[in-house]
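Since each chain sits alone in its own frame, please combine them into the complex, following the hints.
For reference, the chains in residue letters:
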Amino acid sequence: MEEWALLLNNRIIKRFTIKEGDSLTIGRGQDADVIVDNTAISRQHSTIELKGGTYYLTDNYSLNGTKVNGQKIDSSVPINKNDVIGIGKFTLKPSEFLTTEEEAESFCSSIDGMDQTIFVDSRAKKKPVPSQDLLKVVDGSAQPSTLELANIDSIKVGKGASCDIVISGLFVAKTQFFITRNGNGFKVTPCPGWRTVFLNGDKIQEEVSIKKGDTIRVAGTSLRLD
Amino acid sequence: MGKRNADLMTIFRLIRNLFQPKPLPLVCAGLSDTGMVRATNEDAFAAFPERRLFMVADGMGGHNAGEIASMATVKVIGDHLSSAILDNIRGLGQEIRHALIKSFTLANELVIALADEKEEWHGMGCTLVLAYLDGATLHVCHVGDARCYVVSGGIIRQITTDHTSLREMNFEISDDRTLNERQPTRHVVTRVIGYPFPEAPEYNSCPFTQGDRILLCSDGLWSMLDEKTLQQILTISDSPETTVEDLVKQANAAGGPDNITGLAIFS
Chain R
1 MEEWALLLNN RIIKRFTIKE GDSLTIGRGQ DADVIVDNTA ISRQHSTIEL KGGTYYLTDN
61 YSLNGTKVNG QKIDSSVPIN KNDVIGIGKF TLKPSEFLTT EEEAESFCSS IDGMDQTIFV
121 DSRAKKKPVP SQDLLKVVDG SAQPSTLELA NIDSIKVGKG ASCDIVISGL FVAKTQFFIT
181 RNGNGFKVTP CPGWRTVFLN GDKIQEEVSI KKGDTIRVAG TSLRLD
Chain S
1 MGKRNADLMT IFRLIRNLFQ PKPLPLVCAG LSDTGMVRAT NEDAFAAFPE RRLFMVADGM
61 GGHNAGEIAS MATVKVIGDH LSSAILDNIR GLGQEIRHAL IKSFTLANEL VIALADEKEE
121 WHGMGCTLVL AYLDGATLHV CHVGDARCYV VSGGIIRQIT TDHTSLREMN FEISDDRTLN
181 ERQPTRHVVT RVIGYPFPEA PEYNSCPFTQ GDRILLCSDG LWSMLDEKTL QQILTISDSP
241 ETTVEDLVKQ ANAAGGPDNI TGLAIFS
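First to last, the sequence lines map onto chains R and S. First residue of the first sequence? That's 1 in the numbering used here, and the numbers climb one at a time after it. First residue of the second sequence? That's 1 in the numbering used here, and the numbers climb one at a time after it.
Hints are computed from structural coordinates only; laboratory data are not their basis. Please read all numbers here as calculations on a predicted model, not as lab measurements. Don't be surprised by glycine CBs; every beta carbon is placed ideally from N, CA and C. Errors might be hidden in some of the hints.
Claimed, not checked - Derived Cβ-Cβ restraints for the label pairs, each shown as a range:
#1 S/39 to R/140: 57 to 63 angstroms
#2 S/114 to R/170: 32 to 38 angstroms
#3 R/138 to S/92: 26 to 32 angstroms
#4 R/169 to S/249: 55 to 61 angstroms
#5 S/226 to R/139: 34 to 40 angstroms
#6 R/61 to S/39: 33 to 39 angstroms
#7 S/51 to R/140: 36 to 42 angstroms
As the list claims (entries may be wrong) - Partner residues are not named here, just some residues of chain R that face chain S (Cβ under 7 angstroms, in silico):
#8 178
#9 180
#10 181
The following block holds chain S by itself, in its conformation from the complex (with noise of 0.2 angstroms):
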């Protein structure tokens, strides 16, 4: 009888799958850049074009524990998040929202473990930002401050909202200064691998279709461009690769205070 049913699920996937929208052909690249001032790049990214997975991943912590930290992120989430349990949930939007919470939760356990193997990863973590293309839906599952944007007809919109207590706390504004001021600045973040999450992995999801385009990316490039340059050089670029290339260089050029990591993916 067992059998039987699982027979039966097969079959019913495959008859679910047929009468899924073709997934939209994709192209992608990412570059990552330890910046003008670090002597090591902790951030970290990986993409699985075949599974639609993207990931972007800026580490933190001493002696580069960060780069531990992140590097583990992505690949204990990119082993999670098999072809097999995404297919099983295809088009079913609480499914994937609960698979990636999931999967950031496997994440944080293994480094909060690895954390307390060696003196030197006490305290590390990684901020993570995670996109995946289900269909005509972009799924996206972020903690910190590593932002996912998309460019769809031309406008550019941030999807991901910063977990930092800049806006948690009440900072009292000085004469001398405004805070749109832009200027290599210094992050609380609230929320990240490596510690208890205070709350869940926040979850959003957008339509997504032909001729839109996805930027994941650390706070090492957003806090260096302005959304207008980052809307523009996303728009106009003719590939993902000149895009992540312009992106870095600029973010370079302006300063390159902090390690420089963008992911881009076009439909």
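Chain R on its own, in the form it takes in the complex (with noise of 0.2 angstroms):
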């Protein structure tokens, strides 16, 4: 048994498996055995089998066609494991040939067909894409003086004891401001009370996007986002 994978734009979709002996549909359709919800996949748009250890594709009149090495198939061939497949716009492979940058950018399921969401690849989930933000007080004091921001999304940076930061200073609020996962950056909200927010030496009021290299300041403690 075997497991092969279905990616698009190096992204896996979907998983399935095949033993010797099986001939499994790929298409759009409730009745394919491997089923793709996308309307540029015809509703059994090729056929894969296993036979005497053999690999064999077939396209099935599909609209868009099945190739094999950039090539369009119309009969039923041969292929092997490392040749290029495309499905449509997707792309096919046997999972032991998946890139580690394919397996880390996965979103998708586990082999169960009937699922109707896809979702997480748990291989995926071992190997979580490294962040290295930190932010890190350079100027003045405050607790803890360094923080990881991997899997934090959102945190309080004030004098209260439950921020995830906490900073000293004369009529700091209790909570001074939040810094919020933005995409693959950050925000930070202000928020009202006697002290001001600068970030960068600029006072800011509203949310603002922050990257690597600013600096946020509240009285006399600075934070970076390095």
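In structure tokens, the structure reads:
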């Protein structure tokens, strides 16, 4: 038994297994063995078979075609595992040939054909994309002096004990500002209070995006996003 | 000095609460159905009307692991967002946003940790939509494609945006289909409980006034009914119970290929 994967733009969309004697249709239709919910895939787009240890691929008169190494096929052809196989805009390959980047980018489900919602590949979870974002105190005092932002979506900074970074200073608010993850970056949201929040020396009064190297200052304490 | 400060804060909170607008009275009802095709129900919902906190989760994963994910999620968030925590942040929009996002992070850590405990739980997760009513403001936080709708003045509005790759990938449309054609679809969700969030859980807020109605639902419900039907049922129903019963009935009548969950809140 061998596992294969369907990818779109280097992201794994679907995985399935095939064993000797299997003949699996790949298509958009609910009666396909490997269902791909994309209107560019025909209802019974292609068939992959494993017979006598050899894989065969057939195009089933699909609209957008089935290709092997760039050539459209119009009948059943034997294929090698390292061939470049195109099912419409999708790529089909054995999982053993997936690259590390393709594994890491995956949002694909497990093999259950009845799942309506496709999401996370458990193997991709074991290799999280490392985040090196760090919030560091560069002036004044705060606890902690460094905070790793990997897997943190919202942090609270202020004088209050419940803050993720506690800063001191006269009239510093219990909650002075928030930093929230925003795509691959972050945003800072100042809160009303006696003290002003400065970003790179400029006063801010509403939410703004921040990037690596930016410095946020409140009273005598400065934090830099590294 | 510490005790004195704590006493002063308590007094401050009491005074602040006196000046908070009186909360709108609420009634709610939830219903979760396996649907016409699935063997089990992996959705979960939770309502804490005294705390004005409501959630719907749609679990996913083989071997019924989705049920574990969705139930663990609503439980841990329900436990975390206690009355004490919510009372402390009443009227403070940014604090509420932070607390809701943090609760999602907490649920995510728990489900990821649970998934590593058993082979059959690997890959489990859930989408989640949470609504919290603070005075005349509705706060909504979500990941995935579970949705929140509000009907106000007879007009429905979807508050959440789906975190699915239907929006993120460039799908080409072939000649024999259009994207608007309604039929059972397979969704690739890009933000779920159970996997490190590529972006923070999405937060939205909107006004909520007397007479408004809220629906939290899984994709098994909204994908079977068009907005006009949702609007009609939510507007004309005389109770949240009949609302969710009607919605589930109609979703099943439309095929019910997925689990169906709706939680209706009326003011």
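TODO: Against the earlier hints, flag every one the structure doesn't satisfy and list their numbers going up.
DONE: 2, 5
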